[in-house]
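Please construct the entire structure, taking both the sequences and the accompanying hints into account.
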Amino acid sequence: MATRERTIDDLRALMRAAVGEADDIDLDGDILDSTFTELEYDSLAVLELAARIETQWGVLIPEDDASGLETPRMFLDYVNGRAVAER
Amino acid sequence: MSVLTADAPAVTGIGVVAPTGIGVEEHWAATLRGVPVIGPLTRFDASRYPSPFGGEVPGFDAAERVPGRLIPQTDHWTHLALAATDLALADAGVVPAELPEYEMAVVTASSSGGVEFGQREIQALWRDGPRHVGAYQSIAWFYAATTGQISIRHGMRGPCGVVVAEQAGALESFAQARRYLADGARVVVSGGTDAPFSPYGLTCQLGSGRLSTGADPARAYLPFDAAANGFVPGEGGAILIIEQAATAQDRSYGRIAGYAATFDPPPGSGRPPTLERAVRAALDDARLTPADVDVVFADAAGVPDLDRAEADAIGAVFGPRGVPVTAPKSLTGRLYAGGPALDAATALLAMHDSVIPPTAGGADVPPGYALDLVGAEPRPARLRTALIIARGYGGFNAALVLRGPNT
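Residue numbers (this note's numbering), protein chains in the order written: chain G, 1 to 87; chain U, 1001 to 1407.
Do not take every clue at face value.
Stated by the list, open to error - If the Cβ cut is set under 8 angstroms, some of the chain U residues that face chain G in the computed set are: (1) 1067; (2) 1068; (3) 1131; (4) 1132.
Don't read these hints as lab results, they were simulated from the structure.
Backbone N, C-alpha and C fix where the C-beta goes; we use that ideal spot for every residue, glycine too.
So this is what it looks like as structure tokens:
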């Protein structure tokens, strides 16, 4: 599926819808390089985010790959094809 | 197991999220007004269903009362319980962060689990395919989800459990709380909520044949009335904080003095139902006699055969018109797992204020029931001991004896 570049704002919206918003974490802040642990995402939350990316953006992220994506930037790089190119 | 009243566990906090309101004050005021809050369902359009009425929690906004992360991750029934737990903890003055995490326990009751959440995911499954089923379906529908989320949210790492016994479940949760306390827990979050209003949830309930199909919401649930024709479901419930008698001290609303449960023989066995035995055993457990009981909060099924069976059991234990009986759930509908939890909360408030709450409409009780049913007006009375009766669909019976704080 040919798509435009996904941005951190696109991902923020998806994160809000998929996992909700914690009271003590500002998703509008500088979260690009925050780890999902820092964002209080457990493995189920990462799985849900990956599933939303697949169904809404059309980019399949196999579970084994998803578990290695530790920050929003890594998710975006993966989705935008950069991570694949670098491998 | 038997516990003397003096050492009996104390209820130190009450959190209500019910059709009568959010919080103890709203609930108690609405209960004493005695005006039913049953109406056409608004959570979804139920107008084409044979039983389109229910008792819904007014003005519940999850965004105000549930942590943002948990809103998309849990069902409405868990939202209601999380909100009730916050209210109950605040009411008890319990700050979980200040207590040893392994000495705080959680046991709740659930009757239908996350049925609305589950329906959404099943719809996604059939409409869009398996990749569209959210990851949280794996935990949100499950009966234990509420207990688990309360435990995680408040760092309560002591024993945790869930009871699934339809309408009897919440009384079982209080009994289990008592066992946890006997085993060394300091604080137990217990009680129950349910959220039975989704197309799938309502359809499941129709199968029992016990839902009212009357066209007038004001006449749809008339327990112990000559015109009883089934019941109306409701959502919500109550969470109670239960603590060891020694640590509760002057924060106590009252005590869990006695409890028993029985299970009915299968239909067609020829053997009698066992509700009477549950009531007697609960009194024995409390080391009290029928004469000690000042008020009975009835199960109040609203189904003629079941109303008669309950009236017979009460009569057998207490004698004809031998004890005041009330059914405040006539105001809200039957809340399933939440119902007896709310009754327990109401009974504690009644003992505190020395008044028996009314039964909506003031039922036209058939003389054969020989019940002293409290009518449409509250009845002042000195109340030291209350009995709560609950029956769950499928044969569950439970009875709980509560005593006031100074007994």
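Which earlier hints turn out false for this structure, listed by number in ascending order? Every hint satisfied by this model.
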